[in-house]
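Numbering of the sequence shown is given in the working numbering, commencing with residue 1 and proceeding in unit increments.
Careful: at least some of the hints might be erroneous.
To be verified - In silico lysine-lysine, DSS-like type, Cα no more than 30 Å apart, as pairs: (1) LYS160 - LYS127; (2) LYS136 - LYS117; (3) LYS136 - LYS160; (4) LYS127 - LYS117.
As the list claims (entries may be wrong) - Simulated restraints on C-beta separations: (5) HIS121 - ARG70: 21 to 27 Å; (6) SER68 - SER162: 33 to 39 Å; (7) VAL10 - TRP78: 27 to 33 Å; (8) PRO149 - GLN122: 24 to 30 Å; (9) GLY93 - GLY145: 32 to 38 Å; (10) ALA42 - MET1: 33 to 39 Å; (11) ASN108 - GLN53: 20 to 26 Å; (12) GLN44 - ASN116: 16 to 22 Å.
These are calculated hints, taken from the structure and not from any lab test. Idealized CB from N, CA, C, for every residue including glycine.
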Amino acid sequence: MKIFYMILLVMTIMSISIVIDAWHDKTLPIAQDSDIIMENTAGQDVNIAALSQHQPVIIYFWGSWCHSCRLITPSVSWLSHQYPTIGVAVMSGSNEEMRHYLDSHRPNYWIVNDPNKRISHQWHVSKAPTILVIYKNQIRFVTQGLVSPVGLWLRVWLAKQS
């Protein structure tokens with residue numbers, strides 16, 4: 001009986017979390033039919049609109065200064081093996097400082113440096129960590145704060161179903 005209540009509690013928490021995600025504004029900050037291109041730290045253009053046509057894309061707004069981000073980053077990293085992922089480093093230093101940080105942390109997804117919060121403002125992101133799941137050039141889920149690996153995976157899976 002205890003297991004039943006634990007499962008019920010987990011399902012309730014996940015349901016509430018998904019409802020809160022649905023409540024967030026999911027409007028792209030630019031026209032839906034335009035290409036959303038970001039330049040990563042290697043100088044390569046990453047076209048989010050093109051990437052998201054056939055599978056969900058995860059955009060992860062984080063900061064090297066953000067303690068909650070350190071807890072979520074392993075989940076994002078795990079999911080990035082299955083889905084294209086772009087990490088936007090918000091106010092984490094200059095490009096040179098970012099290179100040093102990346103040399104020691106070695107994420108397995110694209111990183112875009114946002115030292116002045118220009119990209120964050122374009123996407124209406126005001127908190128770190130924030131995770132957006134984009135599919136077919138539309139924001140399907142927005143999550144702010146802590147999220148479990150299963151909760152993140154579930155959001156990506158639900159994005160594919162819609």
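Comparing the hints with the structure gives:
1. As the CA atoms of LYS160 and LYS127 are separated by approximately 25 Å, the hinted pair is consistent with the 30 Å bound.
2. For the hint pairing LYS136 with LYS117, the CA-to-CA distance comes to about 25 Å; that is within 30 Å, so the pair holds.
3. This hinted pair checks out: LYS136 and LYS160 have alpha carbons roughly 9 Å apart, not beyond 30 Å.
4. Distance hint between LYS127 and LYS117 is fulfilled; the C-alpha atoms sit about 11 Å from each other, no more than 30 Å.
5. Between HIS121 and ARG70 the C-beta distance comes to about 24 Å, which sits within the given range of 21 to 27 Å.
6. A hinted range of 33 to 39 Å for the beta carbons of SER68 and SER162 is inconsistent with their spacing of about 27 Å.
7. For the hinted restraint 27 to 33 Å between VAL10 and TRP78, the CB-CB distance of approximately 19 Å leaves it violated.
8. Between PRO149 and GLN122, the C-beta spacing of about 28 Å keeps the proposed range 24 to 30 Å intact.
9. In this structure the supplied range 32 to 38 Å is violated for GLY93 paired with GLY145, their Cβ-Cβ distance being about 23 Å.
10. Distance hint for ALA42 and MET1: a CB-CB separation of about 54 Å, inconsistent with the stated range 33 to 39 Å.
11. With their beta carbons about 22 Å apart, ASN108 and GLN53 fall inside the hinted range of 20 to 26 Å.
12. Range check, GLN44 to ASN116: about 21 Å between beta-carbon atoms, so the 16 to 22 Å window is met.
Hint violations for this structure: numbers 6, 7, 9 and 10, all remaining hints satisfied.
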